[in-house]
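J.: These protein sequences, in sequence, are chains A and B. In terms of this note's numbering, the first sequence opens at residue 4 and continues consecutively. In terms of this note's numbering, the second sequence opens at residue 103 and continues consecutively.
Keep in mind the hints are simulated off the structure, nothing from the lab. Note that the coordinates shown come from a computational prediction; the quantities given were computed from them, not determined experimentally. Incorrect hints may appear among the rest.
[Unchecked claim] A few chain A residues that face chain B, going by a derived Cβ cut-off under 8 Å, partial list only:
#, residue
1, A19
2, I75
3, G118
4, V140
5, Y144
[Claimed, not checked] Distance condition first, Cα-Cα at most 25 Å in a straight line; then the derived BS3-like pairs of lysine-lysine:
#, chain 1, residue 1, chain 2, residue 2
6, B, K192, B, K172
7, B, K192, B, K107
8, B, K172, B, K189
9, B, K189, A, K107
10, B, K179, B, K106
11, B, K106, B, K192
12, B, K113, B, K147
13, A, K9, A, K138
14, B, K191, A, K107
15, A, K107, B, K172
16, A, K107, B, K107
17, B, K191, B, K113
18, B, K106, A, K107
19, B, K191, B, K107
20, B, K113, B, K172
Cβ coordinates follow ideal geometry from the N, Cα and C atoms, glycine included.
Chain by chain, the residues run as shown.
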Amino acid sequence: MISEPKRIFLSLPAEAECIDIARLTLYGISSQMGFSYEDIEDMKVAVAEACNNVVLHAYQEVEQGTIDLEFIAGDAELTITVSDSGASFPYDQAAHAGIPYEGKSLEDISAGGLGIYLMQALMDRVEMEQESGSKVVLTKYRTGASD
Amino acid sequence: MDRKKFDMSVKENADSHTVYVSGELDLAVAAQFRSVIEPLLPSDKEVILNMRDLSYIDSTGMGIIIFFLKERNEGGKALSVENVPQKIKKLFDLTGITRFLPVHDGSSAAKADGV
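Isolated chain B (complex conformation) (with noise of 0.2 Å):
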């Protein structure tokens, strides 16, 4: 069983910001979450998810990432996942959010399944 703890941290690039969330994002995390995105919302750079390391999201999660793309929609501004794991990717089909949300096109070709 997946046990790591959740920790993110933010690698800025020319052109965009990328977030590496890591461990369990529920309840107990939601507001440091929040915290470390919120300053990157009005960024002129594509803001990238990268969940690669991600083991576990609840509905807070979930609700602060249709948040975000909210929030960065109506500014007219990018904000896009790669590397969603299988079991992340489920949840974000069963709700709905995975057409909200696009997969970051990187140097290779962009998967439709994100991992």
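Just chain A, with the same shape it has in the complex (with noise of 0.2 Å):
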């Protein structure tokens, strides 16, 4: 039977110490919703780098600003939506670069674009939005999950 998807919605401030919050507050829903221990620690990372790069990148020009989550968690998957009202940033140009370091020296690696790598490397799906600010939609099955 296929039921209605639960709707939670976290709004927090742009600051790295609430980061935190975040990551407990998806501890709890993918815990409840059954996901296992490895993927909760994947999903753990991927959801702190999208609300790193908001404290980082999103509201630079004004003194506080928000970064708000929205977890939809369905049948089969659980799906967070990081979203800012501040600075696009540009996704696009840091995906990719470079990473994962292989074939390369140390002298040639860098740390931009490790936290985009990141939520690539351990989410299921992972769509980015720019319009008035960013968004990051974040999806993640549950392994084993019925149709």
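Starting from the two chains in their separate frames, assemble the complex, guided by the hints.
T.: Listed below in structure tokens is the structure:
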């Protein structure tokens, strides 16, 4: 039986100290949904990276902004939208910036793009949009979930 | 769920500095992490990051480790890791940092997985 997805909203001050709250909320929701320990750890990293980008890039011109998270718990998947209403982050340029570092020497590697790479490597689907602010939509399917 | 707050301490030995990092290394504590390790960068002794009690790392923490690796490498000095938990190692493997991070060869034989 397919039930209506549950929607949970969380709005946090765009401060590094608050990203922990996003991780804890994600932990609660994904545990309740029955995700494996490994999947939960993957999602924690990915969601925190999306929040990092908001804290680091979105609100340089304004005093106080928010990180807005929406968790949609479906039967077979969890979708997390992380959005802000600040300056758009140039996701396209930063994506896949030479990571993973295979075949490179230490002199040639850079930490830029690590966060986006991790989101893409750890989630099943990642969509990025820029309109009034930035939006990242992260999806993870529950392993072994029925259709 | 492991909810240990980030903490770190440095132990100086005859031929090395061991930096014990524990808890969650993320953007909120990145400056603290950097400020403790930065003074060790010029040291001629080996710098070892002991990650036994590290429960989480994000791209900011990994970025700082890459910075330290590059700095130490330029000076021809060693930076290594020990006791890397499996979930941290997974992220190092995924990004490819692993191959730049030698596992400290202590008194017992070093294991490739660092655990």
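J.: Evaluate each hint against the coordinates.
T.: Hint-by-hint comparison with the structure:
{"no.": "1", "hint": "A19", "result": "holds (4 Å)"}
{"no.": "2", "hint": "I75", "result": "violated (22 Å)"}
{"no.": "3", "hint": "G118", "result": "holds (4 Å)"}
{"no.": "4", "hint": "V140", "result": "violated (19 Å)"}
{"no.": "5", "hint": "Y144", "result": "violated (19 Å)"}
{"no.": "6", "hint": "K192(B) to K172(B)", "result": "holds (21 Å)"}
{"no.": "7", "hint": "K192(B) to K107(B)", "result": "holds (21 Å)"}
{"no.": "8", "hint": "K172(B) to K189(B)", "result": "holds (24 Å)"}
{"no.": "9", "hint": "K189(B) to K107(A)", "result": "holds (24 Å)"}
{"no.": "10", "hint": "K179(B) to K106(B)", "result": "violated (31 Å)"}
{"no.": "11", "hint": "K106(B) to K192(B)", "result": "holds (20 Å)"}
{"no.": "12", "hint": "K113(B) to K147(B)", "result": "holds (12 Å)"}
{"no.": "13", "hint": "K9(A) to K138(A)", "result": "holds (20 Å)"}
{"no.": "14", "hint": "K191(B) to K107(A)", "result": "holds (19 Å)"}
{"no.": "15", "hint": "K107(A) to K172(B)", "result": "holds (13 Å)"}
{"no.": "16", "hint": "K107(A) to K107(B)", "result": "violated (34 Å)"}
{"no.": "17", "hint": "K191(B) to K113(B)", "result": "holds (23 Å)"}
{"no.": "18", "hint": "K106(B) to K107(A)", "result": "violated (35 Å)"}
{"no.": "19", "hint": "K191(B) to K107(B)", "result": "holds (20 Å)"}
{"no.": "20", "hint": "K113(B) to K172(B)", "result": "holds (22 Å)"}
Comparing the model with each numbered hint stated earlier shows that hints 2, 4, 5, 10, 16 and 18 do not hold.
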